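K.L.:
In the order they appear, the protein sequences are chains A and B.
Mapping the first sequence onto my numbering, position 99 (from 1) lands on 99, and the numbers just tick up by one.
Mapping the second sequence onto my numbering, position 254 (from 1) lands on 254, and the numbers just tick up by one.
Hints in this document: simulated from the structure, not taken from any laboratory.
No experiment lies behind these values; they were computed from the predicted model shown.
Each hint should be verified, as a subset may be incorrect.
Identical chains share a label here; the pair holds if one copy fits it or two copies do between them.
Claimed, not checked - Pairs of lysine to aspartate or glutamate residues, derived as EDC-like cross-links and limited to a Cα-Cα distance of at most 20 Å, are as follows:
| hint | residue 1 | residue 2 |
| --- | --- | --- |
| 1 | 56 | 478 |
| 2 | 213 | 112 |
| 3 | 439 | 228 |
| 4 | 121 | 170 |
| 5 | 292 | 282 |
| 6 | 388 | 474 |
| 7 | 392 | 178 |
| 8 | 293 | 255 |
2 protein chains.
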Amino acid sequence: MFPYKTIFHLDRNGNQALYLQLANQFIQLIKERKLVPETKLPGSRILADLLSVHRKTVVACYEELLLQGWVESIPKKGTFINSNLPELHQQNFIEKDILSSDNKIGFNFYTDISLERSFLKPKEGFMYLNDGISDARLTPTEDLARTYRRICSRKDIYKEMSYGSLFGNEKLRITLADYLNKTRGLNIKKENILITRGSQMGIFLSAKLLLQKDDNIIVGQTNYTSADTNFLQRNANLIRVNVDENGLSTDEIEEICQKKSIKGVYVTSHHHHPTTVTLSAERRIHLLNLAKKYNFAIIEDDYDYDFNYNHSPILPLASHDTNGNVIYIGSVCKTVAPVYRIGYIIAPSSFVNEAANQRRFIDRQGDALLELTFEDFIKSGDLDRHIKKVMKVYKSRRDLFCSLLKDNFSDVFSFDKPKGGMAVWLTLHKKYSWKTIAKIARKYKLEIGEWRRYDNAKIGHNAIRIGFATYNEEEIYELMSRLSMIFNDIKSQEFTKFT
Amino acid sequence: MFPYKTIFHLDRNGNQALYLQLANQFIQLIKERKLVPETKLPGSRILADLLSVHRKTVVACYEELLLQGWVESIPKKGTFINSNLPELHQQNFIEKDILSSDNKIGFNFYTDISLERSFLKPKEGFMYLNDGISDARLTPTEDLARTYRRICSRKDIYKEMSYGSLFGNEKLRITLADYLNKTRGLNIKKENILITRGSQMGIFLSAKLLLQKDDNIIVGQTNYTSADTNFLQRNANLIRVNVDENGLSTDEIEEICQKKSIKGVYVTSHHHHPTTVTLSAERRIHLLNLAKKYNFAIIEDDYDYDFNYNHSPILPLASHDTNGNVIYIGSVCKTVAPVYRIGYIIAPSSFVNEAANQRRFIDRQGDALLELTFEDFIKSGDLDRHIKKVMKVYKSRRDLFCSLLKDNFSDVFSFDKPKGGMAVWLTLHKKYSWKTIAKIARKYKLEIGEWRRYDNAKIGHNAIRIGFATYNEEEIYELMSRLSMIFNDIKSQEFTKFT
Numbered sequence: 001m002f003p004y005k006t007i008f009h010l011d012r013n014g015n016q017a018l019y020l021q022l023a024n025q026f027i028q029l030i031k032e033r034k035l036v037p038e039t040k041l042p043g044s045r046i047l048a049d050l051l052s053v054h055r056k057t058v059v060a061c062y063e064e065l066l067l068q069g070w071v072e073s074i075p076k077k078g079t080f081i082n083s084n085l086p087e088l089h090q091q092n093f094i095e096k097d098i099l100s101s102d103n104k105i106g107f108n109f110y111t112d113i114s115l116e117r118s119f120l121k122p123k124e125g126f127m128y129l130n131d132g133i134s135d136a137r138l139t140p141t142e143d144l145a146r147t148y149r150r151i152c153s154r155k156d157i158y159k160e161m162s163y164g165s166l167f168g169n170e171k172l173r174i175t176l177a178d179y180l181n182k183t184r185g186l187n188i189k190k191e192n193i194l195i196t197r198g199s200q201m202g203i204f205l206s207a208k209l210l211l212q213k214d215d216n217i218i219v220g221q222t223n224y225t226s227a228d229t230n231f232l233q234r235n236a237n238l239i240r241v242n243v244d245e246n247g248l249s250t251d252e253i254e255e256i257c258q259k260k261s262i263k264g265v266y267v268t269s270h271h272h273h274p275t276t277v278t279l280s281a282e283r284r285i286h287l288l289n290l291a292k293k294y295n296f297a298i299i300e301d302d303y304d305y306d307f308n309y310n311h312s313p314i315l316p317l318a319s320h321d322t323n324g325n326v327i328y329i330g331s332v333c334k335t336v337a338p339v340y341r342i343g344y345i346i347a348p349s350s351f352v353n354e355a356a357n358q359r360r361f362i363d364r365q366g367d368a369l370l371e372l373t374f375e376d377f378i379k380s381g382d383l384d385r386h387i388k389k390v391m392k393v394y395k396s397r398r399d400l401f402c403s404l405l406k407d408n409f410s411d412v413f414s415f416d417k418p419k420g421g422m423a424v425w426l427t428l429h430k431k432y433s434w435k436t437i438a439k440i441a442r443k444y445k446l447e448i449g450e451w452r453r454y455d456n457a458k459i460g461h462n463a464i465r466i467g468f469a470t471y472n473e474e475e476i477y478e479l480m481s482r483l484s485m486i487f488n489d490i491k492s493q494e495f496t497k498f499t
Numbered sequence: 001m002f003p004y005k006t007i008f009h010l011d012r013n014g015n016q017a018l019y020l021q022l023a024n025q026f027i028q029l030i031k032e033r034k035l036v037p038e039t040k041l042p043g044s045r046i047l048a049d050l051l052s053v054h055r056k057t058v059v060a061c062y063e064e065l066l067l068q069g070w071v072e073s074i075p076k077k078g079t080f081i082n083s084n085l086p087e088l089h090q091q092n093f094i095e096k097d098i099l100s101s102d103n104k105i106g107f108n109f110y111t112d113i114s115l116e117r118s119f120l121k122p123k124e125g126f127m128y129l130n131d132g133i134s135d136a137r138l139t140p141t142e143d144l145a146r147t148y149r150r151i152c153s154r155k156d157i158y159k160e161m162s163y164g165s166l167f168g169n170e171k172l173r174i175t176l177a178d179y180l181n182k183t184r185g186l187n188i189k190k191e192n193i194l195i196t197r198g199s200q201m202g203i204f205l206s207a208k209l210l211l212q213k214d215d216n217i218i219v220g221q222t223n224y225t226s227a228d229t230n231f232l233q234r235n236a237n238l239i240r241v242n243v244d245e246n247g248l249s250t251d252e253i254e255e256i257c258q259k260k261s262i263k264g265v266y267v268t269s270h271h272h273h274p275t276t277v278t279l280s281a282e283r284r285i286h287l288l289n290l291a292k293k294y295n296f297a298i299i300e301d302d303y304d305y306d307f308n309y310n311h312s313p314i315l316p317l318a319s320h321d322t323n324g325n326v327i328y329i330g331s332v333c334k335t336v337a338p339v340y341r342i343g344y345i346i347a348p349s350s351f352v353n354e355a356a357n358q359r360r361f362i363d364r365q366g367d368a369l370l371e372l373t374f375e376d377f378i379k380s381g382d383l384d385r386h387i388k389k390v391m392k393v394y395k396s397r398r399d400l401f402c403s404l405l406k407d408n409f410s411d412v413f414s415f416d417k418p419k420g421g422m423a424v425w426l427t428l429h430k431k432y433s434w435k436t437i438a439k440i441a442r443k444y445k446l447e448i449g450e451w452r453r454y455d456n457a458k459i460g461h462n463a464i465r466i467g468f469a470t471y472n473e474e475e476i477y478e479l480m481s482r483l484s485m486i487f488n489d490i491k492s493q494e495f496t497k498f499t
């Protein structure tokens, strides 16, 4: 008889049920042709005795093999290895190799080398720079969870839990239309809204609908990297225009329009990403006029509308768009917390319909339970109260952050104190490089991150964007202290070099 | 003076704050050149009196205009319309036209005519056919919400709430790897898992990584429509092979591989979508051997693994893959409820890394709070208990559904009772057409839906897929009664036709 007792190794403390362990080992033996077709298997009682397992385990194993077609049962004769199984060609049979992290792969796939590829793993005691993120410690997480649970207790909530609208929950669309009309001067109905998973999906869908190979899209000389990547992945031509203290140069956009057909202009009008400048009123009108004349779309990404410290927020381009040129993108991710992936596209309804159609093939639909939670959060006024609360905190963090930067690092950094948003655009003195700083920073447990991404066009501005909103007062002091040590280190190295 | 009193119309019961209404009407007047550059605006007190509003409203309005750059303030002289504003060219200024649902649009975008375009709105009293969905009334919604809230109350939960892993929550990946190893015979680590938003995103990302223009992908003659669409959107060639009672014809796949280079085979091995047949063991081995020999990927979409009524589920192809050829896709959407958009891709880690990279540009990341909720749900054994519970219910629904169909409609339908899943593959007698039935069904408040999508290859099989799991006993009887009325109606029309 086949040496079952020697060959089978069952792990009684293992995670896999015994019958499955047994079945899988049988399958391996069959695939390796150690058990050849038409071999008769021992009776369940005999095998159970041999392996010291319960007979039921062997019966379950045989049933599994039967169902999977590895064996066949011939009445009154017994169980046999299936006679017409082809041979499985395998190089090795060590179980741990199966789909393991050793990265064995039997097919080719496309990789996009243009993509950022950093997967930073948080390290104990390290501080991480970010490009302007809200502080999740200020999020009313428990309030939102309470609302979520209340909504889930509704008697008829099951109606919202199946495959539903591609556009997002209808109640949220109605409430959001009303809220944006009131607060941002829009004049929209729910038909103009597609609920997305944050701004990112809004950019993705807009790019997909607007751009095909060799289509032209205009962006800033500096621009939000993820937007650039989305456009490039459509194989579109990225045409860059300068950005000055009034935002994108609309004169340059006009010159381009005179020569080429343009499908769209991507603009972060409120606070340009990454430089934080605001698009001036003149340029806003100019841009809207150009869009009308040259029939292109303005993708207005209003990613941090809510945060203005010196005045009320400036109304978006979308609020002045009478010709249907603006695709307006926003989200609650910056305002509440990134974990809540709820954003929106506001556009003419024909565009919204097609975007919804395309969305079906990405993730089918949103999370109606979370969408209803935010419907309640907005309608109850809690969102506005939250904004009011964090605005005060972020304003004082900005003030402290900027004054410390100014007092201690004026010889290495130059910057304008931002009027809004959650980040400072920090230009490094030409004699220093972010590369060196990033390297030395790790010694002082500070992670600078992907500084290169702020200069996609490789113009050498030597600036990066640093968020201040995530740090409380103590952490701001700590960050500045680490920066001090880093620059002391760098300066002493220089000093050594010249002596 | 300019007739402010006549021209301004403020809606005191409106949703928009008065100062914003006022500011927006100013902006319109400026854009229409009814108020020309360098015009001096009346003092705030005077305008407040004219319009019978509080002076603070006018001050807030002027501040808004100033900030937006529409007016300029000259010390000791007053507020003037900005002198260097370009003219805004607009066709009309009726506010309701702005981005309204009248669908005015000022740019062109691409539409994909291949997409399904039905947005069915539920109508009172109607029954809707589906292609196999779980019954959300059986979902432990409140238990999950309680867990969600408990997780949100954790002191350090804020750490999970910012921008996080592109791969999904690490705890869930560890728990899921363990769970799938135990229940599906896999042998994976967390590095082999990308958490997605349901199977749909898994298919989307796989298509994106595997396929470019003119690449070949093999699918069934009948196939899941959304998968077909995803592959076609990559401009790939869809090569169809026959599906019989043993699933995809692997002999045909071999013939194709001998002639052409193939990037992948999409297979719903457990229950073929839409016909519900299971891929036989011989073909499983054959397919794995072909993948190894010809170096292609097998996209194994195991969308309803958990539901088998006659035996335990059949282990996926991925459990026998020693060569790294299988991309295994699954989700909890069918098992728990579609609203919980949590799915996964299991693949060699190099593929998972690139998929995570691409995912960044779609929706950035998943919902860590929901992911942690499901981590708890799986680890605690609640998921398994839930599956056990609903299995019993769905089995008895299947039995009732199929026996009523057999007893009452054997002259119009033929079908095999499915061994698993949540749907029946129902072939209509050739003398009837789904088109007619769908039309007449509406009279009896039954919506058949997009029956055409089950025959993408236009082979004329005259069959559709009907889910039984969403209906309780009473609803199954109700559905059958409506079907009876529909066929009586059709048959009596035929009768009339021939007399």
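K.L.:
Next, verify each hint and record whether it holds.
P.N.:
Here is what the structure says about each hint:
1. Taking CA atoms no more than 20 Å apart as the test, residue 56 paired with residue 478 passes in neither setting, with 63 Å inside one copy and 42 Å between copies.
2. In this assembly of identical chains, residue 213 and residue 112 lie within 20 Å of each other by CA distance both inside one copy and across copies; the values are 16 Å within and 15 Å between.
3. Taking the shortest Cα distances, residue 439 and residue 228 never come within 20 Å of each other, neither inside one copy (27 Å) nor across copies (48 Å).
4. Within a single copy, residue 121 and residue 170 get their C-alpha atoms only as close as 38 Å, which misses the 20 Å cut-off; across copies the closest is 11 Å, which meets it.
5. Taking CA atoms no more than 20 Å apart as the test, residue 292 paired with residue 282 passes inside one copy only; the shortest distance there is 16 Å, against 62 Å between copies.
6. Taking CA atoms no more than 20 Å apart as the test, residue 388 paired with residue 474 passes in neither setting, with 22 Å inside one copy and 52 Å between copies.
7. When the C-alpha separation of residue 392 and residue 178 is checked against a cutoff of 20 Å, the pair qualifies neither within a copy, at 26 Å, nor between copies, at 46 Å.
8. Taking CA atoms no more than 20 Å apart as the test, residue 293 paired with residue 255 passes inside one copy only; the shortest distance there is 13 Å, against 56 Å between copies.
The structure fails hints 1, 3, 6, 7 (numbered hints given earlier, in ascending order).
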